[in-house]
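Chains E and F are the protein sequences, given in the same order. Taking numbering that gives the first Met the number 0, I'd label the letters of the first sequence as residues 0 to 168. Taking numbering that gives the first Met the number 0, I'd label the letters of the second sequence as residues 0 to 328.
Mixed in with the good hints, there may be bad ones.
EDC-like mimics (lysine to aspartate or glutamate), calculated; alpha carbons at most 16 Å apart, straight line [unchecked claim]: (1) F:44 to E:17; (2) F:44 to F:78; (3) F:246 to F:273; (4) F:251 to F:230; (5) F:36 to E:130; (6) E:117 to F:170; (7) F:280 to F:230; (8) F:251 to F:320; (9) F:246 to F:320; (10) F:36 to E:129; (11) F:246 to F:170; (12) F:280 to F:320; (13) F:44 to E:1; (14) E:37 to E:52; (15) E:117 to E:129.
Now the stretches of chain F that chain E is said to cover, found in silico as 3 or more residues with beta-carbon under 8 Å [claimed, not checked]: (16) 9-20; (17) 29-38; (18) 78-92; (19) 287-295.
Keep in mind the hints are simulated off the structure, nothing from the lab. From a predicted model like this one, the values you see are computed outputs, not experimental measurements. C-beta: ideal position from N, C-alpha, C; glycine also.
Spelled out from the first residue to the last, the chains are:
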Amino acid sequence: METTELIINGRRHHLEADSRVTLLDALRNHLGLTGTKKGCDHGQCGACTVIVEGRRINSCLTLACMHDGDAITTIEGLGEPGNLSDLQAAFVAHDGFQCGYCTPGQICSATAMIEEAKAGWPSFVSDDLEEPDGLSDEEISERMSGNLCRCAAYPNIVNAIRQVAGGRT
Amino acid sequence: MRPFAYARAGDRADATARASDNATYIAGGTNLLDLMKLEVMAPDKLVDISRLDLAELTDTEDGGLRIGALVTNSDCAADGRVRQRYPVLSRAILAGASGQLRNKATTGGNLCQRTRCYYFYDTAMPCNKRAPGSGCQALQGFNRIHAILGASDACIATYPGDMAVAMAALDAEVEIESADGESRLIPVRDFHRLPGDQPERDNILEVGDLITAVILPPPVAGRQIYRKVRDRASYAFALCSIAAVVKMEGGKIASAALAFGGLAHKPWRDDEVEELLTGQKPSAELFGRAADQLLAGARGQGSNDFKIPLTRRVLVSVLGEATSQGAAE
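Bound conformation, chain E alone (with noise of 0.2 Å):
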């Protein structure tokens, strides 16, 4: 058994748990924060994603325990009913799904996306490396192509996205 602190959204958790068990296990099923998804559980689908120390990661992927003493934000974290964060007001706004069931994971990656751009990241569709362009439709869905949706809500999500999106980076 290994012993593990997680400060997840803000509130300090004790965790004991065999060492196998990923960060997705822990949040779920030991700790009770269900609003992070099991998809694929092999880091195909993104439906798992949180923030982890600011960054965006598959939580199927990531033990447990190697996140000792690490900040770790969820949907739960991001916003509540009656205080919705500007992108989840802007899924329901825009039905950026249908089933529901990938919208935390596209939320969570989408949140950390529009920081990564601010941060001046390129992605893989940008013409300039060096001073990528703001989040064009193209780049939105490059940058989020971690994120699959089974029920291809795509053009949803995408128009959810750059409304956030849009000025901001």
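Chain E is fixed; fit chain F onto it per the hints.
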């Protein structure tokens, strides 16, 4: 996943001292944990090196760049020096995986990523890389993504990465610290192996060896291009990729460093192709001869036969762009 002991290394010496035959270092873990969940890999012990002091990008005295082994793919691709001086490396990294994975994947770990051969992943199938001596199901099976160069009767797997292909073209070196504390430099192009009769060995690392950095030499003037052909526009492995660093002088090719991904068990470089191009005036005829030379020993296995004409077309196109001759078909 099989049970394993977990230990966090305090420093490099602690990490290498904890090494043993069935212990594995873990840093980003994105490839290793995927394989451990499937029990393709089942180490007894994980030595967590993720907090070692190896996450810096620093200028070297000769004008090159030292990329610490724990620099993430995201940080490397976004680094201003890499973008300006080694754009082929930035482009190659950004061509791979997803934003989430690049945030976790490290420079050292990415070098060690394992093949995506379907039969390596399928524990119900024979695979000489996963279970030495069991046979190679890919030879008789579906082998669309498999090697056309440098394969053996024991294994036709490919090295799947993008980053190392660019590093091979840039003549980068891998800095490795062994268990006795000695440090050595191995060219990236010699780091990965051909499968031969030991396909279980992807690279030249020995037990206890710890990758500490990748060193880029000072950049060569000229065009740097990374071209990747894949089944999807994003988030897919290369069927064929080319990293090209080409310098022109007086209308002739002064130097051409070309590394190929998706074709072999390692990033592929062919000195004879580069020599054939050097000193020559670019032309469709020249590019065709370069492709002939590159593919002289190419062998398809059925489902991957298309890679031979595909690679020819991609090479001709990349050389055309690199020498500013346009599409030189």
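Structure-based check of each hint:
no.	hint	result
1	F:44 to E:17	holds (13 Å)
2	F:44 to F:78	violated (34 Å)
3	F:246 to F:273	holds (12 Å)
4	F:251 to F:230	violated (34 Å)
5	F:36 to E:130	violated (40 Å)
6	E:117 to F:170	violated (33 Å)
7	F:280 to F:230	violated (34 Å)
8	F:251 to F:320	holds (14 Å)
9	F:246 to F:320	holds (12 Å)
10	F:36 to E:129	violated (39 Å)
11	F:246 to F:170	holds (15 Å)
12	F:280 to F:320	holds (14 Å)
13	F:44 to E:1	holds (14 Å)
14	E:37 to E:52	violated (21 Å)
15	E:117 to E:129	holds (13 Å)
16	9-20	violated (count 0)
17	29-38	holds (count 4)
18	78-92	holds (count 6)
19	287-295	violated (count 0)
When the structure is compared with the earlier hints, violations turn up for hints 2, 4, 5, 6, 7, 10, 14, 16 and 19 and for no others.
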